[in-house]
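Engineer: Chains as they are written, first to last, in numbering that gives the first Met the number 0: chain A, 0 to 224; chain B, 0 to 262.
Treat each hint with caution, since some may be false.
Simulated DEER-style distance windows between Cβ atoms [claimed, not checked]:
1. A/Asp59 <-> B/Thr139: 43 to 51 Å
2. A/His75 <-> B/Glu51: 48 to 56 Å
3. A/Pro111 <-> B/Ala134: 27 to 35 Å
4. A/Asp113 <-> B/Thr165: 38 to 46 Å
5. A/Ala73 <-> B/Val152: 54 to 62 Å
6. B/Tyr253 <-> A/Asn153: 42 to 50 Å
Read the hints as simulated data drawn from the structure, not as lab findings. Backbone N, C-alpha and C fix where the C-beta goes; we use that ideal spot for every residue, glycine too.
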Amino acid sequence: MAIVDGLPARFFLFLQLMNYNQIIELFFIPLAITFGISVGHSQIVCADVEILPASGERADFVFDSFSKYISGIAFHGIAKVNVKVDDQVPANPDCKWMLSMSVENNPASGTPDDEWEQLLSYGAGNFSPAKIEILDVRVSNICHTSPVDGVYQNFTQTSDIIEVIENTGIRIDAGSCITNVNGPGSYLANYDEFHFQIDFRIIPGFNYDPGMYQLQLVFSLVEVP
Amino acid sequence: MKSKLFILGVIALVMGLHNGLFAQLQDEKSVTITMDLQPILQLDMETTDQIEFVFDDIKDYYAGITKYGATILKVSSTVSWDLYAVGRSNGTTGAEFWDQVIDYGAGNGTNSINELPLSAVELHQSQPNNGAGGAGITATYIDYSTPFPASTVHNGANSLYVNNGTLTPPTVDDKYLAGHSGTTGVGDDAMEGGSYLIEGGYTSDYYYVIDYRLLPGLPAIFPNAFDADAATAEDLVTVNGAGSYAEPGVYTMYVQYVLVEDQ
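Okay, chain A solo, but in the shape it has when bound (with noise of 0.2 Å):
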């Protein structure tokens, strides 16, 4: 009896000697490392994610008759982006994605971010590399799910995201054949939606140095919870 009468009074004295600091090692510093863990691994809402391309990793863009400057240079699907995201078993019904491009120049060279990199200078011309903004890209699939269908964008730096699936926040499933489809599919099984062609065209002018240049399209498929 007398041991359980004095269990209650250890206890109350325990948390009566506790402080302020104590309270937030003991409680909050545990809690917290805990819970930034547990948000780490909970981001995860699709199985997978995958960019396949089907053909055509390079474009070859070689301006050497007055016309080609005037008129310009267009490539009809080069370029084909396949994607194909699976979902979680069970179904995670916030499996989404979002599909984006920009554009990387080697800035590791000291190319600034609104110009092609340089790879040779022809002549002694007093001219400046080329822009980025010549560039146009289009982007297409057979069921316009892109906001962007069919209409050539351009970049003025490499900084520039251009979303060709936006991420809006809702879900709309594959076979919807309508703006933004970002649930789980393939391009396997939903060819109209998760296939992408890709169009480039460029008409340079006349205020660029000649010579040879190079940039990196680079496509990005990321879910979002």
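Keeping the supplied structure of chain A fixed, place chain B upon it in accordance with the hints.
Structural biologist: For chain B alone, kept in the frame of chain A given last:
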């Protein structure tokens, strides 16, 4: 110590949230795009194979003979450019003189001169040179756009640029059809890339109609022959002394038009 632990806890919380934002599955693919911009300088010229000046009337000697619109120059360029004309010959009588093909008669008088200066040829261009506005251009006449003066006026405004029989470009003291010596920039000493096809045709800076005049005078001393800077007379009397005149005969020379990237 406990305040440090508190900060550590906050960092752990932020890191956890941060990791959560970037823990998504993602994939990237890139397409390499190369662009080869090759420089193109294209000069289209419409002209007869040979422009003949036949002086068989005394008034032709006095007034000269003018060939209007004998040459049309059309420019297409993807880079900034200069255009100039230079008088040349085979050099049979000297680097800066016409070639004498035939010498009429046997009269080779003391004052009869067969060294006719190439700069005796006068040019007139239809469009002024709009690419020579820079402060560094010191030429008295930057181009050949001045109308041919009266036959009694001799100022070198239209005399052809010659440089010892070579193609060497004119300096800041000389004439260009378009653009000029130096690389300061478009308008100052260069013309902007473009083409007569899309820049307004015959009224543009890419289209030049060239007139030619040859004025022997009487006696035939070619009084409008001047050095490229328009300051040094090269007529036969100034060069060879009083009483000099051109030896009758057939002479030939050629005008070379040079389109170059701005330099």
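Engineer: Evaluate each hint against the coordinates.
Structural biologist: Hint check results:
Checked against the hint of 43 to 51 Å, the C-beta distance between A/Asp59 and B/Thr139 comes to roughly 50 Å, which is consistent with it. A/His75 and B/Glu51 have their C-beta atoms about 55 Å apart, which keeps the hinted 48 to 56 Å range intact. Separation of A/Pro111 from B/Ala134 is about 30 Å and conforms to the stated range, judged on CB atoms against 27 to 35 Å. Taken as a hint, the range 38 to 46 Å holds for the pair A/Asp113 and B/Thr165, whose Cβ atoms sit roughly 43 Å apart.
For the hinted restraint 54 to 62 Å between A/Ala73 and B/Val152, the CB-CB distance of approximately 57 Å keeps it satisfied. For the pair B/Tyr253 and A/Asn153, the supplied restraint of 42 to 50 Å holds, since their beta-carbon distance comes to about 48 Å.
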